[in-house]
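Asker: Just so you know, the protein sequences line up as chains V and U, in that order.
Residue numbers for the first sequence follow full-length UniProt numbering, so the first one is 1 and each next one is one higher.
Residue numbers for the second sequence follow full-length UniProt numbering, so the first one is 1 and each next one is one higher.
Just so you know, these hints were derived from the structure itself, not from any lab.
Everything numeric in this text was worked out from a predicted model, so none of it was measured.
Just so you know, even glycine gets a beta-carbon here, dropped at the ideal spot from N, CA and C.
A portion of the hints provided could be inaccurate.
[Said to hold, decoys possible] To give an idea of the interface, some chain V residues facing chain U are shown, with a C-beta separation under 7 angstroms as derived from the structure: (1) L20; (2) R27; (3) E65; (4) R66; (5) G103; (6) T106; (7) E110.
[Unchecked claim] Label pairs and their calculated CB-CB ranges: (8) U:A161 x V:E73: 38 to 48 angstroms; (9) U:A294 x V:A244: 50 to 60 angstroms; (10) V:E201 x U:E73: 50 to 60 angstroms; (11) V:T200 x U:A223: 48 to 58 angstroms; (12) V:P301 x U:S171: 27 to 37 angstroms; (13) V:L243 x U:E201: 50 to 60 angstroms; (14) U:D82 x V:E73: 27 to 37 angstroms; (15) V:R23 x U:A118: 36 to 46 angstroms.
[As the list claims (entries may be wrong)] Far from chain V, by Cβ distances over 10 angstroms, these chain U residues were calculated: (16) P62; (17) S63; (18) D99; (19) P111; (20) T230.
Now for the letters of each chain:
There are 2 protein chains.
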Amino acid sequence: MILTVTLNAALDITYRVPRLEPRSSHRVREVVERPGGKGLNVSRVLAALGHETLVTGFAGGPSGERLRTLLAEVTEEGPVGDALVPVAGNTRRTVGVVDEAAGDATRFNEPGPQITPAEWDRFLETYDGLLHDATAVALCGSLPPGVPVGAYGTLVRAARAAGVPVLLDTSGEPLVRGLAARPDAVKPNAGELAAITGTTEPLRAAEQVRRRGAHAVVASLGADGLLALTPDGSWRAEPPRRLAGNPTGAGDSVVAALLAGLVEGLPWPDRLARAAALSAATVRAPAAGEFDRAVYEELLPGTKVTAQLVAA
Amino acid sequence: MILTVTLNAALDITYRVPRLEPRSSHRVREVVERPGGKGLNVSRVLAALGHETLVTGFAGGPSGERLRTLLAEVTEEGPVGDALVPVAGNTRRTVGVVDEAAGDATRFNEPGPQITPAEWDRFLETYDGLLHDATAVALCGSLPPGVPVGAYGTLVRAARAAGVPVLLDTSGEPLVRGLAARPDAVKPNAGELAAITGTTEPLRAAEQVRRRGAHAVVASLGADGLLALTPDGSWRAEPPRRLAGNPTGAGDSVVAALLAGLVEGLPWPDRLARAAALSAATVRAPAAGEFDRAVYEELLPGTKVTAQLVAA
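With the sequences and hints as input, model every part of the structure.
Answerer: Shown next, in the form of structure tokens:
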């Protein structure tokens, strides 16, 4: 089973309005609710790829209840196991307002529930138990209030002690602290790389991140594809053509493909080709956690993986 | 007991952001949830004025559950009885985004749950039962999908048949249809008056609305106070000074004051003075359903009620 951790899961709410006009009142035309949070997206994609997967993290209050109901309903692509730890606070909502005239979206993200020390301890116990049956684990997204900023360091160390390969996908200080615990892989995007290294040149930034502790760095560079620095070599992976669409969740699909390729025992270049094609196919799907299967199968054979010369 | 009906109750969610920037992603600084919907605001104000009051209408799903929890917690001002009828759909949310730099708000209102014919029938039974103990009833706000557009006509007729004075506060076609059933009073604002009569001159518009069936018309004209055409005479009511603040809920406070004055047996001019002062005191409170008691008590003695000469 592939385990994903989403400490700050969300109930994703999307509103469609004819036009967003600040300072006015809008009648929302359509309301769509989805389970949200990076790890949940990763698990949904893994399930669609035919992998057994389980989500953990926190869920609480009416939004948490709704999130769990929606997660149980997502079975078209394959079931996602729910091992979320109940908390007293209310799971955060994220509200995305889609302006139908402009075709763009404005997002409002709640901070998330306050996690108590007892709830954090309960999560750590659950996590340790789940690691026994995990073939790989992904640690995804931001931390809710109350969770220690060094949380990902703790979770990376526990996975490594249990012999479970661990991928970390977060940003800022939680990423910096997680890196020090030497995760098997991290998957920053260009903005996250720049934020923690101070350089906007992806290759140099990725090298720095690798020196800080990650065994492999897979940087997602939007339409430019992926840049990977791994113990087996360095590569760029690019799908055969650039696709316009909704980039939300593209990075989560990269994480799903990397984990799937890892547990299937694929070599890095094959994992990267799949990750780049799956990421592009996610851009063509209406929401994060979903991808266009026909586009994926069409893009995969043409996705180019080229070796990179990188200073040791 | 004063009964209020809110067929499209809402969970009101307020987000504070440093600045609203369309097409970007915002971290919400503060999330406040309140029971929402016009009738609920009216009942909260009535409870604060010391009146026994009960809300009915519909509530369902996780938002409905949260709304009922919040309503039960609103006891500072006095208890509000909950006779909301459970439905399968999810109570709508209204999201207000406060831009802290500009000091203004942008609102997104969900349409509300689909009400089934069986749920509407269950409501009608509940309503008929509640009318037995009601000294007055207010019918407030928009209709959720599935409720017949002539709903307020039905509810006005049932109240009149039961001998319970009925005030209608809605807009558009539901108001037009409700008027035909001859409610004791309606409380349109200037925009609503103009929308159904086609004239922007409040006195002429109010006269038209009265001819269409309302025994009394109390028009709320924002900072200009109230204009009332009643069977006992016509008046304007104006607080001694104009106050800046948040106008949301000011009209609901007018309804609360009118009902309170009615059941206390006050003459119209006294009801109107209270309504105008309470409305202004609501503008000084942070949210709908609340008012600044000190401001109310300060404004009331100076509120001017002047008789109007109106063509018969």
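Asker: Next, verify each hint and record whether it holds.
Answerer: Hints versus structure:
1. Taking 7 angstroms as the C-beta contact cut-off toward chain U, the hint placing V:L20 at the interface holds, the least distance being around 5 angstroms.
2. At about 6 angstroms, the closest approach between the beta carbon of V:R27 and any beta carbon in chain U falls short of 7 angstroms, and the interface hint on this residue holds.
3. Of the supplied interface hints, the one on V:E65 holds, with its beta-carbon coming within about 6 angstroms of a beta-carbon of chain U, less than 7 angstroms.
4. Checking V:R66 against chain U by beta carbon gives a least distance of about 5 angstroms; that is within 7 angstroms, so the hint holds.
5. Of the supplied interface hints, the one on V:G103 is violated, with its beta-carbon coming no nearer than about 10 angstroms to a beta-carbon of chain U, more than 7 angstroms.
6. Because the beta carbon of V:T106 sits about 5 angstroms from the nearest beta carbon in chain U, less than 7 angstroms, this interface hint is met.
7. Interface hint at V:E110: satisfied, since its Cβ lies 5 angstroms from the closest Cβ of chain U, which is below the 7 angstroms cut-off.
8. At about 45 angstroms, the beta-carbon gap between U:A161 and V:E73 stays in the expected band of 38 to 48 angstroms.
9. Checked against the hint of 50 to 60 angstroms, the pair U:A294 and V:A244 passes, with Cβ atoms roughly 58 angstroms apart.
10. At about 54 angstroms, the CB distance of V:E201 to U:E73 agrees with the hint of 50 to 60 angstroms.
11. Separated by about 52 angstroms at the C-beta atoms, V:T200 and U:A223 satisfy the suggested range of 48 to 58 angstroms.
12. At roughly 59 angstroms, the beta-carbon separation of V:P301 and U:S171 lies outside the given 27 to 37 angstroms, and the hint is violated.
13. Distance hint for V:L243 and U:E201: a CB-CB separation of about 57 angstroms, consistent with the stated range 50 to 60 angstroms.
14. In this structure the hint that U:D82 and V:E73 lie 27 to 37 angstroms apart at CB holds, the actual value being about 29 angstroms.
15. Distance hint check: the CB atoms of V:R23 and U:A118 are about 41 angstroms apart, consistent with the given range 36 to 46 angstroms.
16. Chain V draws U:P62 into its interface by the beta-carbon criterion, the shortest separation being 4 angstroms against a cut-off of 10 angstroms.
17. A cut-off of 10 angstroms between C-beta atoms contradicts the statement that U:S63 is not in contact with chain V; the least separation is 7 angstroms.
18. Under the 10 angstroms C-beta cut-off, the non-interface status given to U:D99 relative to chain V is violated; the minimum distance is some 7 angstroms.
19. The beta carbon of U:P111 sits about 6 angstroms from the closest Cβ of chain V, which is not more than 10 angstroms, so the claim that it is off the interface is violated.
20. Chain V leaves U:T230 outside its interface by the beta-carbon criterion, the shortest separation being 31 angstroms against a cut-off of 10 angstroms.
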